[in-house]
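As you go down the protein sequences, you meet chains A and F in turn. Using my numbering, the first residue of the first sequence is number 17, and each one after it goes up by one. Using my numbering, the first residue of the second sequence is number 17, and each one after it goes up by one.
Hints were generated in silico from the structure; no laboratory data involved. Note that the coordinates shown come from a computational prediction; the quantities given were computed from them, not determined experimentally. By construction, the Cβ of each residue, glycine as well, lies at the ideal position given by its N, Cα and C atoms. There may be inaccurate statements among the hints.
What the hints assert, rightly or not - Derived Cβ-Cβ restraints for the label pairs, each shown as a range:
#1 LEU110/A <-> GLU76/F: 23 to 31 Å
#2 PRO95/F <-> LYS52/A: 32 to 40 Å
#3 GLU76/F <-> ASN97/A: 19 to 27 Å
#4 GLY80/A <-> GLY101/F: 35 to 43 Å
#5 GLU82/F <-> ASN97/A: 35 to 43 Å
#6 MET59/A <-> GLU107/F: 37 to 45 Å
#7 THR83/F <-> ASP23/A: 31 to 39 Å
There are 2 protein chains.
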Amino acid sequence: MFFDFPDDFKAVEPFPGWLVHVAAGQHLSFSRITLKPNIELPMHAHPNEQMGIVLEGAIELTIGDETRLVKKGGIYLIPSNVTHGGSTHKEGALVLDAFSPPRDYK
Amino acid sequence: MFFDFPDDFKAVEPFPGWLVHVAAGQHLSFSRITLKPNIELPMHAHPNEQMGIVLEGAIELTIGDETRLVKKGGIYLIPSNVTHGGSTHKEGALVLDAFSPPRDYK
Numbered sequence: 017m018f019f020d021f022p023d024d025f026k027a028v029e030p031f032p033g034w035l036v037h038v039a040a041g042q043h044l045s046f047s048r049i050t051l052k053p054n055i056e057l058p059m060h061a062h063p064n065e066q067m068g069i070v071l072e073g074a075i076e077l078t079i080g081d082e083t084r085l086v087k088k089g090g091i092y093l094i095p096s097n098v099t100h101g102g103s104t105h106k107e108g109a110l111v112l113d114a115f116s117p118p119r120d121y122k
Numbered sequence: 017m018f019f020d021f022p023d024d025f026k027a028v029e030p031f032p033g034w035l036v037h038v039a040a041g042q043h044l045s046f047s048r049i050t051l052k053p054n055i056e057l058p059m060h061a062h063p064n065e066q067m068g069i070v071l072e073g074a075i076e077l078t079i080g081d082e083t084r085l086v087k088k089g090g091i092y093l094i095p096s097n098v099t100h101g102g103s104t105h106k107e108g109a110l111v112l113d114a115f116s117p118p119r120d121y122k
């Protein structure tokens with residue numbers, strides 16, 4: 017099946033400046049995340065395994081005790097229950113995160 | 017953890033013109049797929065659920081009995097064991113596919 021943006025996505029904003037559009041299957045979900053410039057992503061953890069790619073811009077991402085500036089095309093893995101967070105710089109970012117099991121935003 | 021391209025990826029070419037770079041966790045894997053222009057992706061199916069996004073170019077994708085031209089930014093879901101395949105046109109494509117459980121290419 018094919019998802020038309022934004023109609024076929026569920027939109028949530030779990031933190032200010034962090035707009036998430038969610039599309040989900042049974043075992044996987046995608047979060048297409050628009051990150052405003054100069055925002056903080058608070059450190060957090062969840063049991064869902066997460067893999068992501070930066071589609072536009074860049075994010076400074078901390079996974080466990082490692083921090084990197086991840087630019088367009090950069091791919092990362094956040095294992096289950098590993099604390100992570102980060103920030104954007106002046107250009108903001110567009111990121112695609114995949115979760116298994118699908119992530120249910122509160 | 018962070019994946020440097022291409023060193024941290026396993027490279028496979030399951031069909032001619034279809035170059036796959038794989039990065040995997042425990043529950044998820046990413047296939048970063050470079051598709052040459054004017055190739056056919058044979059119809060196939062696998063138990064792994066699949067979600068993907070077109071990063072560059074476009075693919076004509078058939079999922080079950082539905083066919084669409086998916087352009088940059090387009091997102092799709094291929095449920096477990098649903099037959100799918102497609103083709104590229106003259107511009108080729110770069111695609112990111114996520115699988116759960118991780119896909120093991122033969």
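- Using the Cβ atoms, figure out if MET59/A sits within 37 to 45 Å of GLU107/F. 41 Å, holds
- Taking the CB of GLY80/A and the CB of GLY101/F, does the distance hold inside 35 to 43 Å? Taking Cβ atoms as reference, GLY80/A and GLY101/F lie about 39 Å apart, which means the hint holds.
- Message: Holds or violated: the 32 to 40 Å window for the beta-carbon distance between PRO95/F and LYS52/A?
- Response: Once the Cβ atoms are compared, 34 Å apart, the range 32 to 40 Å for LYS52/A and PRO95/F holds.
- Query: Honestly, do LEU110/A and GLU76/F meet the 23 to 31 Å range at C-beta?
  - Reply: Hint holds: Cβ distance 25 Å, inside 23 to 31 Å.
- Query: Honestly, do GLU76/F and ASN97/A meet the 19 to 27 Å range at C-beta?
  - Reply: 40 Å, violated
- Determine whether the Cβ-Cβ distance between THR83/F and ASP23/A falls within the hinted range of 31 to 39 Å. Taking Cβ atoms as reference, THR83/F and ASP23/A lie about 20 Å apart, which means the hint is violated.
- Cβ distance range 35 to 43 Å for GLU82/F and ASN97/A, holds or violated: Between GLU82/F and ASN97/A, where Cβ atoms are some 37 Å apart, the hint holds.
In summary, the numbered hints that this structure violates are 3, 7.
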